[in-house]
Amino acid sequence: MSGFLDDIEALVPALRRYARALTGNADWADDLVQDCLERAIAKQSLWRPIGPLRPWLFRIMINIHRNDRRRRRGAPEPEALDLLPFEPASPAPQGARLALAETAAALDRLPAEQRQALLLVALEGMSYAEAAGVLDIPMGTLMSRIGRAREALRALVDGTGPRLRSVK
Amino acid sequence: MSDRHTITEADLNAYLDGELQPAERAAVEAYLADHPADRERVAAWRDQSAALRALYGHVAEEAPPARLSPRRLAAERRRRMRRAVTAAAAALVLVAAGGAGGWIGRGLVMPDAVETTLIGEAEAAHALYTPEVLHPVEVNGQDGAHLSKWLSRRLDRTLVIPDLSSEGFSLVGGRLLPAAASAAALLMYENRDGARVTLYVVPNAGKETAMRFSARDGLAAVSWQAETLGCVLVGNLPRETLLNLAKASYGSLDKAPNI
Numbered sequence: 001m002s003g004f005l006d007d008i009e010a011l012v013p014a015l016r017r018y019a020r021a022l023t024g025n026a027d028w029a030d031d032l033v034q035d036c037l038e039r040a041i042a043k044q045s046l047w048r049p050i051g052p053l054r055p056w057l058f059r060i061m062i063n064i065h066r067n068d069r070r071r072r073r074g075a076p077e078p079e080a081l082d083l084l085p086f087e088p089a090s091p092a093p094q095g096a097r098l099a100l101a102e103t104a105a106a107l108d109r110l111p112a113e114q115r116q117a118l119l120l121v122a123l124e125g126m127s128y129a130e131a132a133g134v135l136d137i138p139m140g141t142l143m144s145r146i147g148r149a150r151e152a153l154r155a156l157v158d159g160t161g162p163r164l165r166s167v168k
Numbered sequence: 001m002s003d004r005h006t007i008t009e010a011d012l013n014a015y016l017d018g019e020l021q022p023a024e025r026a027a028v029e030a031y032l033a034d035h036p037a038d039r040e041r042v043a044a045w046r047d048q049s050a051a052l053r054a055l056y057g058h059v060a061e062e063a064p065p066a067r068l069s070p071r072r073l074a075a076e077r078r079r080r081m082r083r084a085v086t087a088a089a090a091a092l093v094l095v096a097a098g099g100a101g102g103w104i105g106r107g108l109v110m111p112d113a114v115e116t117t118l119i120g121e122a123e124a125a126h127a128l129y130t131p132e133v134l135h136p137v138e139v140n141g142q143d144g145a146h147l148s149k150w151l152s153r154r155l156d157r158t159l160v161i162p163d164l165s166s167e168g169f170s171l172v173g174g175r176l177l178p179a180a181a182s183a184a185a186l187l188m189y190e191n192r193d194g195a196r197v198t199l200y201v202v203p204n205a206g207k208e209t210a211m212r213f214s215a216r217d218g219l220a221a222v223s224w225q226a227e228t229l230g231c232v233l234v235g236n237l238p239r240e241t242l243l244n245l246a247k248a249s250y251g252s253l254d255k256a257p258n259i
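In order, the protein sequence lines correspond to chains L and E.
Using full-length UniProt numbering, you'd call the opening residue of the first sequence number 1 and step up by one each time.
Using full-length UniProt numbering, you'd call the opening residue of the second sequence number 1 and step up by one each time.
These aren't lab readings, by the way, just hints derived from the structure by calculation.
Idealized CB from N, CA, C, for every residue including glycine.
Careful: at least some of the hints might be erroneous.
Claimed, not checked - Heads up, simulated SDA-like pairs for lysine to any residue below, C-alpha to C-alpha not over 25 Å straight-line: (1) L/K43 x L/G3; (2) E/K149 x L/N67; (3) L/K43 x L/E9; (4) L/K43 x E/K149.
Said to hold, decoys possible - Cβ-to-Cβ under 8 Å is the rule here; a few derived chain E residues that face chain L: (5) D17; (6) Q21; (7) L52; (8) L55; (9) G57; (10) A60; (11) P70; (12) L73; (13) A74; (14) E208.
Chain L on its own, in the form it takes in the complex:
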């Protein structure tokens, strides 16, 4: 049990990072992580530890996020504008510095399933195979979501907004 809890604890920072990017809201993000940890601890007795912990935890959290969004449907989207309350820890590379706030705002406008896919790979550094496993979708579907997310982000950040419509 304590080994399991230690293993989970080691993944909390990454879960928080992902949740923050997914929701754009610090409180909602930590609520998501807490729900995820509670589910994981409650389910642990039924879960046969055959697979690695990381994809399992991310999968639980994404499912919570999905249901949360469902529950919030109809209600206004939570304010997602605490975008830059900090100085970026590491300087962004040339050309991207000014685009940070726009990237955050654009990310928030992506369909949730594209955001989920892109962030697993681009932010969490997961392989396509691991990310597809987390989302329980075929690899081809994952790749097309990532491709669409990137093109949509580019269109939004470049200010070529209308092009978003032409992105399949």
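Given the coordinates of chain L, assemble chain E onto it according to the supplied hints.
Relative to chain L, chain E alone:
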């Protein structure tokens, strides 16, 4: 892949994400050398990834708040469970003393209004449909995959149809019903002697609760709330049998990735 005309957008993404074999990578690099527009596109994507890391990477460097400590959450859960077990044990003593009939542990683990409604609906559905000979269910149990997909969609939850064959019960089928707050799924099972039990399931955003056993008018029910499902198993069966069926159902339903 060696033919530059076969380089697709998916290849460019895979290239950026380090998913290509060396030969494929070389082919993409050769292609990019001749295609400035795509080169620019890949560079923009790379900047995006860097922007995402710059925006959110710091979150993983912070010390998480205390409320996200797994040890603390596990300890809180243990405390909750202990309280539930104590209450259940007290209820069982009452049962032993008072015999069947009425709510078990009345006043001690009295179900809340929501669960009382739930049990009432489940009993009504059981009473209405189990005597039915011609049309006990809408969708036959042989069509399990379809049943599961259909009910999952209507309940907005992933519903794994429990397999109760280890307890000697096979699936007759299921139907969709209106419930107080939403739709409900009714699954019906039957054993070799023709005894029928029904499992009544509603989507539920409430708290997890311990299993509760109740009996009245010769009908016994085990109810619980788990994950995002509220469940009631109803049957005219001995308490032990019903509890075993409830545990088996709980185990199956919990395997679904519902939250």
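Original post:
Going back to the hint list, which numbers does this structure go against?
Top reply: 6
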